[in-house]
Every structure is written in structure tokens, then in C-alpha cells.
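If you want the building blocks of each chain, they are given just below.
Protein chains: 4
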Amino acid sequence: MTKYQVAKNDHVVLISKSRSRPNSKSIGQRFCLTIEDQSQKIHGLGVYNPAKFVGLSYGSTITLGQNQYWLLPATALDQVDTIRRKAQIVIPKDAALIGLYCDIRAGSQVVEGGVGSGALTIILLSLVGPNGQVTSYETRDDFAKIGKNNIEKTGLGCAWKLKLQDISQCISETDQDAVVLDIPEPWTVVDIAYRALRPGGILAGYTPTINQVEKFVISLKTKPFIEIHTFETLQRELVVKPGSVRPSFDMLGHTGYITVARKVLEM
Amino acid sequence: MTKYQVAKNDHVVLISKSRSRPNSKSIGQRFCLTIEDQSQKIHGLGVYNPAKFVGLSYGSTITLGQNQYWLLPATALDQVDTIRRKAQIVIPKDAALIGLYCDIRAGSQVVEGGVGSGALTIILLSLVGPNGQVTSYETRDDFAKIGKNNIEKTGLGCAWKLKLQDISQCISETDQDAVVLDIPEPWTVVDIAYRALRPGGILAGYTPTINQVEKFVISLKTKPFIEIHTFETLQRELVVKPGSVRPSFDMLGHTGYITVARKVLEM
Amino acid sequence: MTKYQVAKNDHVVLISKSRSRPNSKSIGQRFCLTIEDQSQKIHGLGVYNPAKFVGLSYGSTITLGQNQYWLLPATALDQVDTIRRKAQIVIPKDAALIGLYCDIRAGSQVVEGGVGSGALTIILLSLVGPNGQVTSYETRDDFAKIGKNNIEKTGLGCAWKLKLQDISQCISETDQDAVVLDIPEPWTVVDIAYRALRPGGILAGYTPTINQVEKFVISLKTKPFIEIHTFETLQRELVVKPGSVRPSFDMLGHTGYITVARKVLEM
Amino acid sequence: MTKYQVAKNDHVVLISKSRSRPNSKSIGQRFCLTIEDQSQKIHGLGVYNPAKFVGLSYGSTITLGQNQYWLLPATALDQVDTIRRKAQIVIPKDAALIGLYCDIRAGSQVVEGGVGSGALTIILLSLVGPNGQVTSYETRDDFAKIGKNNIEKTGLGCAWKLKLQDISQCISETDQDAVVLDIPEPWTVVDIAYRALRPGGILAGYTPTINQVEKFVISLKTKPFIEIHTFETLQRELVVKPGSVRPSFDMLGHTGYITVARKVLEM
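Chains as they are written, first to last, in this note's numbering: chain A, 163 to 429; chain B, 163 to 429; chain C, 163 to 429; chain D, 163 to 429.
Excised from the complex, chain A in its bound form:
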């Protein structure tokens, strides 16, 4: 058995060969599974025992019921795409840019405020890798439960700690490389986040409204944070057919504003 055959505990994705997902011409419907030896009910697929996939070649096609699927190792994007959603999620493109602007990389120590459905958490975990640490604060039991469930399925949970605590009351971690806030009132956490960060550590907030941006930025200016700036990102697909290329009509007009700031010791 080679490394490109499905093995126990692998995290795989099944991608439908029929392009059934509404509003999308390029991306098929997908299902993420962990290869465990017990039957699972997979929403949209039915009940399967994934152990029967052991030994199959990655990149090959399998048939389940009436449908054919490509069998591949799951990416972080696959995993975010298939989580159960309760809260509005941080879109992966924004999560990746938070990673970039916070300089999150292999080994980083990150505190996250608000786990929501775990979408941002999954991307952060994929960035910090097994030697890093993401600690997520969440006050709502329902989000914590869903987020935990979603993250455990990804196999990234070993670098993750969940705290059912209010981040605006306390961050007990110190010397953090980054603090990332996906909460409605990030300005309530500015002082506490400042203390949790190492010198040069970066605070990021993700907020849908411009009023939140304004309050957050005003609050950031009360502490020694430099290079405070806010941006939004718009992503647009090209529909490419030979001799007929045009931008996609489908486009998300807004996701959220990303605000970042960098801790110094004095202004």
C-alpha cells in the first residue's frame, strides 16, 4: 500500500462528478469523511462505513448508489465548505488574508475570539500546523458545540484549545503572535488583546459593518498599536469557454472588513 492509497484515519473528500451545486459551474458538491471503522450517516450521501474505502487510490473514481465521485485527500477549503453552519462564517479568502496580515505561519500561537461554526478556526489551524496553537474563546454553547464538532472532523484538532469563556473578560494566554476577533464588539477586547500579544504581535478584527470598523479603529488608537488599517476584498470568477471569456455574473458583494494593528511598546 502506497501513501496515495486511502488509509485508516485519513481525511478524505468525495467530489460529485455531476456539477449539481446550485449557482456554480466550476465546483461540484462534496462530502468530507474521516476513514474510521464505523458506519456514519453523511448528510446527503446516506449511511456508509468509510473503512471500505481503505486501499483505494486517491484520484480515482468511486460509485456510491447512483452517483460517481472523485476520491481525494480533503483540503482545508473542502473542510470549510462542508461544515455545518450556524453562524455567518468567515469566508476562506478572508481567513487566508487574516493569516497573511497577521503573519500566521507554521508554529504560530494564536488566540481567536468567537469560534462560530469553526470556518476561520479551520483555516488558522491549517496555517499554524501541528507545532502551533490556536486557542478559541466562545461564550455561546451552541456555537461552541457546532464549532467543536466541525473542527474535530478535520483532524486539525490537536493544535486547538476551546475555552467556553468571554474573551472580553480575560485572555489568559500571553506572548501570542496574533489575536483574531470575529465577534460583534471587538472594541471591548482591545486592552485585553494588547496584553495577550507579544511585541510586534498583530490584532485582527473581522466585522461586517462600517460602524463596527469605526468603533474598533477608534479603540485601537487608544493603545500603542501601529499600522492600523482596514480593507475589504472582492473576489470575482472568470467564466472561461474557448472564444468566450467573461466575468461571472455571480459575485458576493460583501463579506467583511478586516482591520489589523500591530503592537508596539510605546507610541
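Keep in mind that a hint or two might mislead.
Same chains, same label: a pair holds when it works inside one copy or across any pair of copies.
Listed next, the in silico DSS-like pairs over lysine-lysine satisfying Cα-Cα at most 30 Å (straight line) [to be verified]:
#, residue 1, residue 2
1, LYS383, LYS403
2, LYS248, LYS385
3, LYS170, LYS307
4, LYS403, LYS323
It should be emphasised that the hints constitute simulated quantities derived from the structure, not laboratory data.
Fit chains B, C and D to the given chain A structure using the hints.
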């Protein structure tokens, strides 16, 4: 001496406290240095021996000549921002999205076609970390030299291999997690890249023109690649003053199109 | 009876007071009527004799069946919004920009290639006014019929002439201020349009794909046209609630590219 | 002499055949002149008596000093492009969209709050034509003087009235088709504008910041205005060379938000 004091071989950034950079209200001019015990000529700063910074606290302010600077650990963004540029670079936001869509993370094995000035390489190296590998192919001596010089300054070079070879002739690496092409004719590498990728590995191309996108996508469709799609990303800053928030007038209207495709064994 | 009461032959709009239109929070469903003394079947409203509205005050509320409506004079936007659509229409924002870039104003003489459902025609007619002229060429009977029907309802038809002819064969009008092409192959009309324009007259093409833009621009460069340029426009709504302002999630990612060029006698 | 030869009192534009304007590949430098029999100092051209152009053919090339120019009838866009600017102007694309959303057309009666440098006024005048009326309120003498000067040069002034009065104190016109506000505090004019509009008349505000939008919209909701909505528009050029088409790098990231609302008699 604590870990938040400057130590030998650290990679630091000096950020000007005067906001002198043209066309930018939020981001100051910056200089990246390696703390080595030999005088360096730093373009825009003059000649300094960085060893004299050893023991200073990160996050503190230092004075050089007439100017004051914040002293911080350098981020990948700082490093890209200060490289010597010869070619048009891959903008960091696009590099981070290539990372996301190629699922590049700690430990990934990546082949890069076209090192240019090394901007994309630096972001890829920061993502794969010390246990990953980025192998860059470059045919032009001048780019290879500048790229090498830029990358060596970042401290990320240990995970990097440079090959002065034409990627459209051969990729000797196999089982790669991703192949990233920043070359004018990525369609000439589709067959070779397919062979270099592991099943489920992802091929990405970065191209400024729509004609290149069209040719690349047509070429991708001749091999077992799935989920071929192309997108562009626009980033816009918000200028935030209390009671007066508006989008920035300064905006880059175009960077490049990112096309991604995922290897399977059969269609 | 004042001028702000409904009179015979007026063109009115009824705007639903319940915000029932899907995907829109700010704009209600609307129905355009001409005040004629004969019962009409209005799709979505049922059968009514609009003569019964004569004498009612504009700006007041009326009740039809279970629903309440504001009664207002119809704008060109109302009329475009309620036309029967067969072809993809030129979005009003693009029509207004074509008007601007072609300098179409009261009294202008304009030739239109491709009447489609008449959306662009309606905006052009509202711009040229009763002393101008819009001549539309259309080869497809079905479009001509629908377009004619839509335009006649607007009351703008007196300045309009429809020709069931192929514009790529002949434009018999001369000294035109503008020629506006909403046809799949505008490059086939460049020579003919050049001859139909007065010196300084402006040719505009509206095309969804980038390949069409490329062919059209190449063709324009074979004749004495100056200031050839192409642009696209993206429009995004703000959702404004007190204390909570954000861009709308709903956004049309693409409509069409507008290419304009100005006739001179020699290069 | 035909109508396509320059005649006395014509409004002409000279467009440089060398593409000298910075940051623009497609649009040359231009100069707008009125054909009067007196020498004029034209900024950038020197002193000329435009009467010497009488009888020349539109669309032909003329030589002045070392440079060659195309000679054409001036469009409204040419005229806005060449005004002397003191205030931030309303960009023509936004002016055209204000025209569309306010249903301004041949014969419309419009009140404008804030004449600034007259850019918006010129577009509105070109839309209402000789049988319409634009009445502009301006409190600042310096703007009024520059705006008046700019507008008089266009030949559109016969449909224009300037009032050196504070629009937030009084609008003496009634039954207006539209009121367009390009002033810093449009919310101070909502009551007065409501009274000046006919039923179904449309109020538009143009504001650069989001805070202004919020205050304006809140204020609009205190009166019987319907279909209140706000949008911004982004325009991006395509750079078209055969085999190499891409969006322009140069793009204006922000101009202003347009907010419109429609008067009814009761909510």
C-alpha cells in the same frame, strides 16, 4: 535577555515613525535587516552595523540619524515589501490566496515556476515552514540572482531550492502537493506539472492577461484536472477617521488572475 | 384638476407598499400602465380599466384587491424594470453611461443596432427627447415584436423608428451623433457605422465577453476612430440601518463591457 | 459652408495627437474653446484667436505651434474634463447615474444644491436641454465664481440659474422634477427639498463618506420618501492589445455614494 530582545541572526524590521511613504496614509516606510556582526549598506538608511541592536527590546523606538523607527520582528509582508524588485511581483494578497487554494501549509512540498524577484517565494516559504520544501525553477540569470538575494535575507532559505532550469522542459520533483506557475506561458507546463503532482495535488497559474487565462484553461482541460477555475481579487482600504469613514481613493485596479486545478487520475 | 392628478394618456407606475420583490430590500414590485379607457390584463395585477385612476393625485396610495400601491408618474427606470424580457437586456446603469460617453442628449440623432427587449432603447429615447431620433435595426422578428410592444407602452415611441433590417448590411441614416451596437458581432458594423456618423460622432459597443471586446477594438483601429477605450462598471448598494451600515451581499458581478470610439476624418 | 465646418459661437475641443496625459493610455490632453472673434489665453496652449478656426472641417487635424490636434465639437465630457477645478468634482459617471436615477431628461426642472466647480451642473444641463431648467444654490462666492465661469464656457448656460443662497434655508422653486444635493450636510435640506419636489419627484444626495450616507438616510426616513437606496459605482478600463487584454492597473477606488429617494404624499 528575554526572547523579546533582539538577538543575533534575528530578522528585524525598522518602521519609520514619520508616515513618509507616498500614496499611503496608514503604512510607514520600512527596512528589513538581519542581525549580523558586520556593517551593511541599507538602501535609504545608510551604513549600519546591526549588531548594535542586539539586546534592544522589540516594540521599542530607536533613533537613527534624524529619524525614529519602531523595532519589530520582520513579518513575511515586511520582507516582501522591502525586496529589490526587477520583475512585476505577485502581490502578497494573491500569494496568500494561491496558498489557500493550493492548500499549502506547514510541511507542504511545492514547485514554483518562475522565481522573479522572490515575492511569491517568500510567502510560500513562510507557509510551508521549516519542514516543507519550495523548489523554484528560473531560466533567467538576472531574476535568479535577485530572487536568491532577496530570499536569503529573509531567513527562510533553508526550505528553498533554486534550479536554473526551464520548467517547461522538466520537473524532476514528484509527488508534489502543489505546482505554482508565475511564468508567461503556463500552458507549456501543464503536462509536466501533471506528472509532478501527487493525486489531489493542485496546479495554480498566475497571469496578468485574460488571453493567458484562456490558453491555460484550454490546456488544463486536456489532462485529468478537475475543479478548474479562475478568479481575480480586488482589495480596497477604508480610510477611517472618527465621523468620516470612506473607501480609499487609491486602489490597484488589477494584479493578476489566479487559475487553479486539481489533479485526479482519470476523468 | 391639477397637473399632479392622473390624466388620460399618462404613463403611471404602481409601486407595491409591501416589499415583495425577492433579493431586494429597498425596491418594491411595480407595474407600469398607460391611462387608456379600456380594460387591460396586467401581469401580476389582474384585469383593470386604468381610466378609473383619472383624477387621483400622484403620490397618493391606492388599494387594488388585497394590496396597496403608491401611484406615481412612471420613470424610464420603472419602464425598463417592467418590460417583458426575451433577450439579456442592457442594464440601465450601462445605458446611462453609454448615453454619457456618446454625448447623447436632447435632440440627438442615434442609430441602435439590436433592439432586443428594448431596454437600452427606452433609456436612449428618454435622453434624446421628443426632438431627437432613435432608429433601431433588428433582424429577429421575435425581438422586434417584443421590443416594439415594450417601447410603445412607454409613450416614448414618437421619436423612434424600427427597421427590420440587418445593420451589418446597411445603415441608411447619415450624420448621426451616435451609433450604439448591442449585437453579438459589432466588428462587422465598424465600416458602416463610420459612414453613418458625423465627424466627432461616437460609436459604442456593448459586449458581454472579453473576446468580443478584443475583436471589436482591433476592428475599430482599422478606421479613423480616436479615443477608443473600453470599461466595465460595477454597482454596489449600501444597506443602511441606523448604527449598522454595510455593502449589500447581493451584487451583479458582471453586466457588459462598453467600448467607445470617436470618428475623425483622418488619423 | 456645411454644418460640419467650424462656425462662429461653436464650442469646439482640440485633442492632442500625442498621448501626453499622464496615467492614461487611451485619452489625450484636450482644450475646449468657444469660437469668438477675440484672442484668448488658453492654459497650456498659449494665446490664440479662435476665429481663425472658422470654416475648418470638424474631424480634421490642425497644427498649433509644435503640436497637432484633432478638431471636434466639444462633448459634455470634454467640457467637464477641462474645467478649472476648485472643489472635488462629481465624476461624470456618477453625474450620469444621478441623471438616470432622478429620471432627468429633456425639459426637466432640477434644483442643485452646491455648484462647486460646475462639473455636475454641466452634465445636468446637457441632460435637461434648452427647454429644461437647472437652478443651482451656492453659498461660497469662490465656488460660485469658478462654477459660473466654467459653465458659461460650455454654451449650456441659457438653461441655468445661479442663486447665491443657502439651500438649507430655502428653495423658492416648486414642482421640481429633481433636487440634487452635492453639499456636506444634505440631511439639513430634506424638509425643504421635500416641499420643492412635485409628487414622484426624486431627491439625490452625493456624499463621499459613509457617515454622511447614514445621517442622510435617517433624515430621509422622517418624510414621505420611498425607494430610498444608496449605491456606489466602480469603473475599470480594459487595456486592449491584440492577444493581450487585461484590466487597467489605474482605477479610482472611490468617488462618492449616491443616495436617492422618491417623494410620495403619504407613507
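Quick rundown of the hints versus the structure:
Taking the closest pair of Cα atoms, LYS383 and LYS403 come within 30 Å of each other only across two copies (11 Å); inside a single copy the shortest separation is 49 Å, beyond that limit. Taking the closest pair of Cα atoms, LYS248 and LYS385 never come within 30 Å of each other, the shortest separation being 34 Å inside a single copy and 38 Å across copies. Only within a single protomer do LYS170 and LYS307 lie at most 30 Å apart by alpha-carbon distance; the minimum there is 26 Å, versus 45 Å between protomers. In this assembly of identical chains, LYS403 and LYS323 lie within 30 Å of each other by CA distance neither inside one copy nor across copies; the values are 46 Å within and 36 Å between.
This entry does not satisfy hints 2, 4, going by the numbered hints stated previously.
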